[in-house]
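Generate the whole structure from the sequences, applying the supplied hints.
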Amino acid sequence: MREFNVAGPCIKRWHYMIDSLERIQGVDALIDGGKYFVLHAARQSGKTTFIQDLTVQLNSESNYYAVYCSLESLQGITDAEKGLPAIVKRLKDALESQKVAKASLFAAGADFGDYTGVLKKSIEDYCISLDRPLVIFFDEADCLSENTLIVFLRQLRDGHNSRNFSAFAHSVALVGMRNIRDFKAKVHPDSEMLGSASPFNIVTEILTLTNFTKDEVAKLYAQHTAETGQKFDDDAVNFIYTQTCGQPWLVNAVAREIIVEKLNSDFSKPVTKELAVQAIQTIILRRDTHIDSLLERLKEERVRRIVEPLILGDNIDSRISDDFMFVKDLGLIKEENGKIIPSSPIYSEVIIRTLTYDYQEDLHGQFPEYQMPRYFKNGKIDMDYLMSDFQQFWRENSDMLPVRFNYVEAIPHFVLMGFLQRIINGGGQVVRELAAGNGRLDLCVIYQGEKYPIELKIERGTATLKKGLQQTAEYMNTYGCTKGWLCIFDRSSEKSWDEKIYTRHETVENKKITVVGL
2 MREFNVAGPC
12 IKRWHYMIDS
22 LERIQGVDAL
32 IDGGKYFVLH
42 AARQSGKTTF
52 IQDLTVQLNS
62 ESNYYAVYCS
72 LESLQGITDA
82 EKGLPAIVKR
92 LKDALESQKV
102 AKASLFAAGA
112 DFGDYTGVLK
122 KSIEDYCISL
132 DRPLVIFFDE
142 ADCLSENTLI
152 VFLRQLRDGH
162 NSRNFSAFAH
172 SVALVGMRNI
182 RDFKAKVHPD
192 SEMLGSASPF
202 NIVTEILTLT
212 NFTKDEVAKL
222 YAQHTAETGQ
232 KFDDDAVNFI
242 YTQTCGQPWL
252 VNAVAREIIV
262 EKLNSDFSKP
272 VTKELAVQAI
282 QTIILRRDTH
292 IDSLLERLKE
302 ERVRRIVEPL
312 ILGDNIDSRI
322 SDDFMFVKDL
332 GLIKEENGKI
342 IPSSPIYSEV
352 IIRTLTYDYQ
362 EDLHGQFPEY
372 QMPRYFKNGK
382 IDMDYLMSDF
392 QQFWRENSDM
402 LPVRFNYVEA
412 IPHFVLMGFL
422 QRIINGGGQV
432 VRELAAGNGR
442 LDLCVIYQGE
452 KYPIELKIER
462 GTATLKKGLQ
472 QTAEYMNTYG
482 CTKGWLCIFD
492 RSSEKSWDEK
502 IYTRHETVEN
512 KKITVVGL
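Positions 2 to 519 (the numbering used here) are the ones given, in order, by the sequence shown.
No lab work stands behind these hints, which were simulated from the structure alone. A couple of the hints might just be wrong.
[Stated by the list, open to error] Listed next, with one range per pair, are the computed distances between beta-carbon atoms:
1) Lys335 / Gly118: 24 to 30 Å
2) Gly118 / Glu262: 26 to 32 Å
3) Glu451 / Asp235: 26 to 32 Å
4) Glu23 / Thr504: 55 to 61 Å
5) Arg287 / Gln367: 25 to 31 Å
6) Arg287 / Thr214: 25 to 31 Å
7) Gln393 / Lys232: 49 to 55 Å
8) Thr504 / Ser266: 49 to 55 Å
9) Glu23 / Glu97: 47 to 53 Å
10) Asp94 / Asp400: 55 to 61 Å
11) Pro271 / Thr504: 45 to 51 Å
12) Thr226 / Lys513: 44 to 50 Å
13) Asn407 / Thr504: 40 to 46 Å
14) Phe166 / Thr209: 19 to 25 Å
Glycine included, each C-beta is placed from N, C-alpha and C at the ideal position.
Here it is in structure tokens:
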């Protein structure tokens with residue numbers, strides 16, 4: 002029986018899968034045209050599955066010899082004198098293990114001392130011996146860095162440009178998370194050594210893998226139903242798609258969590274939306290390797306420069322900057338209806354949970370468990386009382402709070418979200434709606450069916466209050482609420498705490514809004 006795969010490439014006989022060769026169009030034409038191209042996509046989105054399947058397909062036909070070569074093990078080898086011989090050896094191992102024709106001839110007698118030409122010479126000599134054109138897929142090409150990367154790319158370009166006079170690889174693909182334009186960061190941070198064209202201006206096309214569509218998610222789950230008889234409710238499929246936005250690893254991980262962990266592989270029970278909600282919360286809190294490795298990126302300065310404005314609701318300087326394109330390529334953000342938002346609700350939640358976790362833990366001493374009941378009355382949250390307590394905490398502690406991950410501007414948001422999360426842990430939910438350019442962060446605390454919409458803003462002049470009230474009223478409309486809260490953080494060092502800390506009640510469009518000064 003097959004299963005939902007959450008580790009490594011999919012293999013048809015072991016895993017449920019969407020035919021990877023159907024997910025990208027136009028690759029055949031690129032190969033037939035002898036093009037060199039890039040395939041990039043976020044982590045665990047199906048890149049390796051695709052190129053391995055394509056390698057098998059090409060070798061089963063009679064037009065080309067194809068080889069799949071992973072460069073992952075070469076990460077950290079920055080010295081080209083060591084890196085290039087290692088690449089040649091990895092390629093030789095790949096040819097031999099995949100039993101490509103005349104593999105033993107590749108790099109036979111290679112001069113590894115000539116590291117500036119050994120890759121080009123080895124591929125050139127090997128191609129002369131073949132009766133078909135050679136196609137090479139270099140997976141994890143963005144693992145290479147510094148001089149190893151530069152010399153690797155230059156030898157491929159040299160071989161490509163000399164194909165009119167001597168044999169060389171017919172088509173080459175560089176596969177990884179990063180687009181070719183971002184490789185310059187792997188040379189030296191902020192380096193321009195690669196420029197926009199050199200040394201790999203031979204790339205004809207840049208391709209990417211998109212997420213599954215809703216129909217593809219349903220098709221994937223239907224494979225399991227066909228083999229086991231276990232059904233996925235329509236509501237469950239729709240909810241999973243909405244929360245994952247079709248990201249392949251997440252789609253598989255949620256199904257696996259439900260079937261294996263929640264239902265103990267009892268195929269007589271259907272997969273419901275309620276089970277999907279539980280599974281997603283488990284995955285978020287457990288922080289599996291896929292999520293953990295992605296969130297490690299939050300510590301990088303170039304990622305912070307994009308993610309922090311997203312949290313604050315600020316504008317992002319440029320959508321064509323290297324930083325923006327890098328974070329988008331990682332799969333952390335996307336553009337939708339003109340807005341920059343997290344790539345999925347699940348990623349949005351894990352981003353915030355990661356950045357606020359330590360602040361939440363810091364609150365244990367200030368707000369121990371035995372004090373939590375004071376914020377609840379008759380099954381409802383006393384939000385006014387809760388906000389009053391937070392005001393006092395913020396007044397006494399804000400100047401002493403540590404800066405984590407260098408997200409200085411977002412500290413107020415992190416602390417308040419950590420505070421709210423701590424109060425309702427296990428008994429409610431904090432929904433966050435992140436979007437760059439909104440000018441605020443939208444939150445909604447949900448507890449026992451009651452909704453408490455909250456707007457977070459930074460004080461930026463006299464228009465902040467007026468605009469904030471209108472935004473809060475609009476946000477309250479989305480939840481059908483008549484009462485809401487607008488929190489305005491004033492970071493000015495020139496104002497006293499008595500000026501910053503206040504509570505006032507406003508009415509906008511028959512909606513009652515409590516303004517909380519901080």
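Hints and how they fare:
1. Lys335 / Gly118: 24 to 30 Å: 42 Å, violated
2. Gly118 / Glu262: 26 to 32 Å: 53 Å, violated
3. Glu451 / Asp235: 26 to 32 Å: 28 Å, holds
4. Glu23 / Thr504: 55 to 61 Å: 58 Å, holds
5. Arg287 / Gln367: 25 to 31 Å: 27 Å, holds
6. Arg287 / Thr214: 25 to 31 Å: Holds, at about 27 Å.
7. Gln393 / Lys232: 49 to 55 Å: With Cβ atoms ~52 Å apart, the hint holds.
8. Thr504 / Ser266: 49 to 55 Å: 53 Å, holds
9. Glu23 / Glu97: 47 to 53 Å: 31 Å, violated
10. Asp94 / Asp400: 55 to 61 Å: Taking Cβ atoms as reference, Asp94 and Asp400 lie about 58 Å apart, which means the hint holds.
11. Pro271 / Thr504: 45 to 51 Å: 49 Å, holds
12. Thr226 / Lys513: 44 to 50 Å: At roughly 49 Å between Cβ atoms, Lys513 and Thr226 fall inside 44 to 50 Å, so the hint holds.
13. Asn407 / Thr504: 40 to 46 Å: 32 Å, violated
14. Phe166 / Thr209: 19 to 25 Å: 34 Å, violated
Going down the numbered hints, you'll see the structure goes against 1, 2, 9, 13 and 14, while the others check out.
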